[in-house]
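Residue numbers (full-length UniProt numbering), protein chains in the order written: chain E, 1 to 400; chain Z, 1 to 183; chain C, 1 to 305; chain P, 1 to 87.
Calculated cross-link-like contacts (lysine-lysine; reagent style PhoX-like; alpha-carbon spacing at most 25 angstroms):
(1) K240/C to K160/C
(2) K89/Z to K389/E
(3) K243/E to K57/Z
Derived by calculation from the structure, the hints in this document are not laboratory data. The model shown is predicted, which means the values in this text are computed figures rather than measured ones.
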Amino acid sequence: MTMKALTGNHAVSEAVKLARVEVIAAYPITPQTTMVEKLAEMVDKGELEAKMIRVESEHSALAATLGAAAAGARAFTATSSHGLLYMHEVLWWTAGARIPVVMAVAARAIGPPWNIHVEHSDVMDQRDTGWIISVAQENQEAFDLTLQAFRISEDPRVYLPMIVTLDGFILSHTVAPVDIPSQEEVDNWLPPRRQPYVITPESNVVMGNIASDEDYFMMRYSIQAAMKAAKQVISEVDLEYGKAFGRSYGGLVECYRCDDADYVIVITGSWAGDAKKAADMLRDKGVRAGVARIRFVRPWPEEDLRDKLSNKKGVIVFDRSVSFGSYGQLFSDTAATLYGTKVSMRGVIAGLGGVDVRPDDIMSEVMDFVGRVEEVGLVYEPQRWMLPKKYAQVGKEVGL
Amino acid sequence: MYTELRFHGRGGQGAVTAATILARAALFEGKWAQAIPEFGAERRGAPVRVYARISDKPIQVHSTVVEPDIVVVLDYELLKLVDVTEGLKPEGIVVLNSPVNTSPFPKFRTFCVNATRIAKDLNLVVSGWPTVNTAMVGALAKASGVVSIDSVVKAISEYFSSPSLAKANSDAAVKAFEEITQC
Amino acid sequence: MPIRLADLPRRRYGMPGNAACPGCPETMGLRYVKMALGDNVVLVIPAGCSSVIQGIVPKSGINFPVLNIVFASAASSAAGMEAAFEMMGKNYNVVVWAGDGGTADIGFQSMSGAAERNDNIIYICVDNEAYMNTGIQRSGLTPYGAWTTTTYAGKTEKKKPLPFIMIAHNVPYVATASVGYPQDFIEKLRKAASIKGFKYIHLHAPCPIGWRFDPGLTAKIAQLAVQTGVFPLFEYENGKFRLSSYSGMYRNPQKRAPLAEYLKLQGRFQPVLKDPEKLKGLQEEIDAMWRWIEMLEKYGPQALK
Amino acid sequence: MPISYPAEGSSGKTGLWRTERPVVHLDKCIKCLFCWLYCPEDTILRREDDYVYVDYDYCKGCGICAQACPTHAIEMVPEPSLGSERA
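In isolation and in its complexed conformation, chain E is listed as follows (with noise of 0.2 angstroms):
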């Protein structure tokens, strides 16, 4: 093992590389660029011994991607935004194919108008398509990530394929210290490539023609009984990764400081880390406070979140993306996690478009539902927004 300082994009690409990825198929787009021109640099150098494709579209990128997985081969992509939301039918494809693929979203977010900053709305518009989507903190994270996605996503249990998400710039193209592994660890860790069928002359294999509507349903309740099983395949594959490489995170689901804490934080993505900031400084002011940091999106961790949040005062979910009209994706899916218990709740919509919150922003605003839950009793917030502070005033006005 080496430590090396990279940036988020460039920890992916050595991953792919140790996984030996045989087809690449990738269309830049900001903040994804600097992953796919490293591994292009790593094909054109002999250190990568695979085919890049070098397509026009992300839709052509999440299709040939396939094609060469269909094919028999491990196959990567990743991408961003607008590029995700273009491939975004190609996923629903792929899933139902049920072919094993790993692909890299650095999130950011959607225009109009134009933005490259972070945000989950990327990668939270693909939830229903039926890919595992997983979600790094660190650099560290998403390097590991990457070579557990071949793993779980070619477990013969799942055959799905995995997403695994970076936030855009912040981890993407932030330098930290980052522990590779060398070669023959991988090769060690990481079997051979498994997926269900190979589409070839030999096997005359015919994927995706019509099917009854009853054998559909069937197939869509496969996908689901996947989803299941990958909840198992992903804490085993976590511990036997941590018994190779000495990093655990914890399954679906990293808990910090919520066994005993009264309060716990529900947050996705690098900004985890701040929030479990904001933990450690609400401690010191007397509140017991934790953060349940959600790993993996799909499948969602019911269970672990169950276990962990249903005896506790309050919950507070932070999303970075809403679904318009209704709440934050987290924050939905919290609450239907919570039925039934008797934990007060608050939805807070923030740092969209990658505006910045500081620990001290999740720590007031923690404080402050800590304040409602402690004057009312039970409190249901589904949605609040923490607007930019310069509109701050607006968001008063409106009554958000």
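Since the structure of chain E is provided, determine the placement of chains Z, C and P on it from the hints.
Showing chains Z, C and P alone in chain E's frame:
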């Protein structure tokens, strides 16, 4: 030890590289570091900020640095455009690329070095611009002590694949390390 | 080398009991692909009639392994498959089988990209000149004046000259073919399979349902399209343009069968037969194609420069 | 898994779609094989001696074979209506 830094430069001037080299140098010393570019729609010449953190322990925080311990200014002319000491802690320091040896910031400990001249002397000029970033990291090492000059030179040597560029940039860092003084 | 029917094996190339309409040109064409390339083929099929023709899971009525894929990116998926096979050292023919919509319109971007990258695939555009699978709507390849359900009074724009657009991509091989001339198509497929890089074959495929003719006439109408000069057969190979022998004699308009013979057999051309202005427009469309041919013959690859 | 394998009858016995059936008069057949070549369904079958016969299980009755035959050896004959011999 926990130090937060902010770099001020212009688009194309290499502030991101400066922070990256700093982070790599810190890594050589067994420390944890972050180098965080702040990206916008800025193009070449526009003011840019880059943040960095160095710590004995792993760093979890990812928000931007608003109360830095150290501010590094790569371009003297930026002082006309940007309040570089905004949020700087009272005991904080400024590391300034300056043609003169006087501090414009009476409230802060300021260190001056003529990195532009050092870069020009070493022929470190790209597309007409002196590249002062490596010199400024060397100067920073002296002024703040967050990393050693040896680590900076090692990080620079590793960063540039061309041996001649690695040499010239290392020389710039060492020269700036030697020349910088409190002003 | 000319194809002798008696030499072709007695085996069943098609897959009977599929969901194609009676007289379907697509199942005809697919048989010819099998005759030409045998079993060493993987098909990539975007949305279209051919997705339906396969029939219902767990059987498929197309006698090939198939990756069915979304409408817009068949060429990219084929490129991906080919890349995987190349990594494995396998020499399979990856063949896209797409309709005019999947090629000229919604799929154009990905096809153009694959052509520009010179991906080693055979791309077959099965041109039935409208969106037949969704019920006969006009496409970029519907001829001028033709009725469709979205061009009630006849199409008011001309057919996109797709084979020439593909020649302009400067790929190693471009050909037109017709289900009316199977031997010619088979020969071209075999040639395409022997060339490395992007190969494009534009297959004219008269649709009895969409064109409004008796299903027994599919082959005849396809032949008439060639004999009237409506659909010339040609090849463009490594910068050399060549009119195919079946179309050679129709270079001279005097030698062509009268256009009306082709039109009057098809219900879709009623607007053209009724309106001399529309007939003129259709004739212009055909003439423009022959001017392309003349230019390419005269200047070869220089025509593109 | 959403997969299939090529097999006959993916849409059932499509011979039932027919309204007219091709009948081959072998006395006129010259073994040119045009009917076999153009049949979209592969339901014109070749005997060892290259005379042809029809797979009525799947033939959809399009009539391309009759049109392709230069000697008019294939005749399209209306199928008997339901309730008579076919039922």
